[in-house]
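**Student:** Given only the sequences and the hints, what does the whole structure look like? Please build it.
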Amino acid sequence: MLSLTSQAFIDRLIRENFKFFTGVPCSLLSGLISHLEEVEEAKYIPSVREDAAVGLCAGAYLSGSLPVLLMQNSGLGYCLNAFTSLNLIYRIPVLVIMSWRGQGGKDAPEHIIMGDIDQKLLETAGMDYAILKPDNCDQVLATAMRKINEEKLPYTLVVEKGLFDERH
Amino acid sequence: MKGTEAFQELIPLLGNEPVVHANGYICRESFSLKDREANFYMIGSMGLASSIGLGVALCKPEQKVIVLDGDGNVLMAMGTLAMIAAEAPKNLVHVVIDNEVYESTGKQRSISNAVPLEQVAKSAGYRQALRVDKREDIKPAFEKLMNSDGPSFLLIKVDPCFDPKTGRVTHTPEEITARFMNSIRH
Ligand SMILES: Cc1ncc(C[n+]2csc(CCOP(=O)(O)OP(=O)(O)O)c2C)c(N)n1
Ligand SMILES: [Mg+2]
Numbered sequence: 001m002l003s004l005t006s007q008a009f010i011d012r013l014i015r016e017n018f019k020f021f022t023g024v025p026c027s028l029l030s031g032l033i034s035h036l037e038e039v040e041e042a043k044y045i046p047s048v049r050e051d052a053a054v055g056l057c058a059g060a061y062l063s064g065s066l067p068v069l070l071m072q073n074s075g076l077g078y079c080l081n082a083f084t085s086l087n088l089i090y091r092i093p094v095l096v097i098m099s100w101r102g103q104g105g106k107d108a109p110e111h112i113i114m115g116d117i118d119q120k121l122l123e124t125a126g127m128d129y130a131i132l133k134p135d136n137c138d139q140v141l142a143t144a145m146r147k148i149n150e151e152k153l154p155y156t157l158v159v160e161k162g163l164f165d166e167r168h
Numbered sequence: 169m170k171g172t173e174a175f176q177e178l179i180p181l182l183g184n185e186p187v188v189h190a191n192g193y194i195c196r197e198s199f200s201l202k203d204r205e206a207n208f209y210m211i212g213s214m215g216l217a218s219s220i221g222l223g224v225a226l227c228k229p230e231q232k233v234i235v236l237d238g239d240g241n242v243l244m245a246m247g248t249l250a251m252i253a254a255e256a257p258k259n260l261v262h263v264v265i266d267n268e269v270y271e272s273t274g275k276q277r278s279i280s281n282a283v284p285l286e287q288v289a290k291s292a293g294y295r296q297a298l299r300v301d302k303r304e305d306i307k308p309a310f311e312k313l314m315n316s317d318g319p320s321f322l323l324i325k326v327d328p329c330f331d332p333k334t335g336r337v338t339h340t341p342e343e344i345t346a347r348f349m350n351s352i353r354h
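Line order of the protein sequences matches chains B and E.
Our numbering puts the first residue of the first sequence at 1, with every later residue one more than the last.
Our numbering puts the first residue of the second sequence at 169, with every later residue one more than the last.
Source of the hints: derived by calculation from the structure; they are not laboratory data.
Careful: at least some of the hints might be erroneous.
As the list claims (entries may be wrong) - 27 Å max Cα-Cα, derived BS3-like pairs, lysine-lysine:
1) LYS43/B - LYS290/E
2) LYS161/B - LYS19/B
3) LYS43/B - LYS133/B
4) LYS307/E - LYS290/E
5) LYS19/B - LYS258/E
6) LYS258/E - LYS43/B
7) LYS275/E - LYS312/E
8) LYS275/E - LYS302/E
9) LYS152/B - LYS120/B
**Tutor:** Pasting the structure below:
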């Protein structure tokens with residue numbers, strides 16, 4: 001599979017005015033987080049839980065920043081109540097970058113069920129998402145920006161294994 | 169001191185600071201006493217008032233930001249105390265109304281009778297953590313924290329007394345967002 005460089009993608013997000021990043025790591029996102037720790041223009045705040053990261057992003061948005069939440073799909077379970085009882089009803093957007101562990105049932109046992117249901121959970125909650133690919137980045141980001149700026153709702157970019165360089 | 173008295177004492181001390189409220193009784197009591205544009209009434213997402221407040225504090229470093237929390241909410245998100253300590257925003261004041269119960273759902277006991285939350289905050293690394301039991305101690309303690317660098321923690325020990333007839337927040341969540349963002353911009 002073609003891959004995107006973490007650097008190019010983060011720089012792209014910064015150009016879209018995302019400067020506030022937080023989350024809980026996943027190996028699939030390790031390159032992104034390493035790069036975030038290196039760039040001047042963006043701030044990466046380690047969160048201890050994904051739902052706390054949702055709260056942090058909400059506070060950042062309410063004070064005028066555009067936030068990004070990086071997490072593994074296992075974190076989606078922890079976040080669902082925050083998304084449904086905070087972001088969706090208050091119209092507080094956030095760009096979520098969610099790694100897809102357990103894709104196709106080929107992963108460690110703890111990832112298999114969530115790997116099967118994560119996108120169904122998003123759909124059930126009425127939350128839009130797209131699977132990010134090296135060749136759909138511009139188009140997907142344009143959709144995400146519309147969702148965030150016009151509808152003021154969260155948008156999730158699903159990241160498959162191998163999309164980004166991993167650093168660990 | 170009754171819980172309501174803590175609000176009666178605290179709210180007149182506020183200027184135009186953003187105040188992020190924990191869900192349940194905390195929102196309703198504050199709203200009923202004095203509705204403010206700069207109040208973020210978090211009606212769901214229990215436990216997240218502290219992380220929302222941290223986000224505001226980090227993005228508005230020149231502005232004091234207050235979190236008005238409950239013991240049950242704090243216990244649900246103790247990890248956020250560590251995040252606040254680690255990020256150490258000087259402008260964050262975390263006030264906790266500790267009635268040792270989940271009052272909003274019928275006064276079931278929490279465990280804050282056994283866990284001194286101000287010590288948890290202090291050990292996590294808040295710059296200051298105070299505990300008050302008497303109404304007359306609220307004002308000096310709050311003013312001290314508002315006039316010095318944080319992150320600060322103020323635990324107010326109260327007796328549950330919530331009157332279920334107290335009104336609910338009448339603004340819609342979307343209105344709460346718009347008002348709060350507007351007040352923060354100015
Ligand atoms: C995730 C979640 N679990 C449970 C509830 C129900 N609930 C609403 S308010 C509340 C109690 C909050 O306790 P505390 O922070 O001590 O505030 P108090 O009600 O005592 O003022 C509970 C358990 C909820 N809203 N969300
Ligand atoms: Mg309580």
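**Student:** Against this structure, judge whether each hint is valid.
**Tutor:** To see whether the hints hold, each was checked on the structure:
no., hint, in the structure
1, LYS43/B - LYS290/E, "holds, 26 Å"
2, LYS161/B - LYS19/B, "holds, 25 Å"
3, LYS43/B - LYS133/B, "holds, 25 Å"
4, LYS307/E - LYS290/E, "holds, 20 Å"
5, LYS19/B - LYS258/E, "holds, 21 Å"
6, LYS258/E - LYS43/B, "holds, 17 Å"
7, LYS275/E - LYS312/E, "violated, 31 Å"
8, LYS275/E - LYS302/E, "holds, 21 Å"
9, LYS152/B - LYS120/B, "holds, 21 Å"
Hint check: a violation occurs at hint 7 only; the rest are consistent with the structure.
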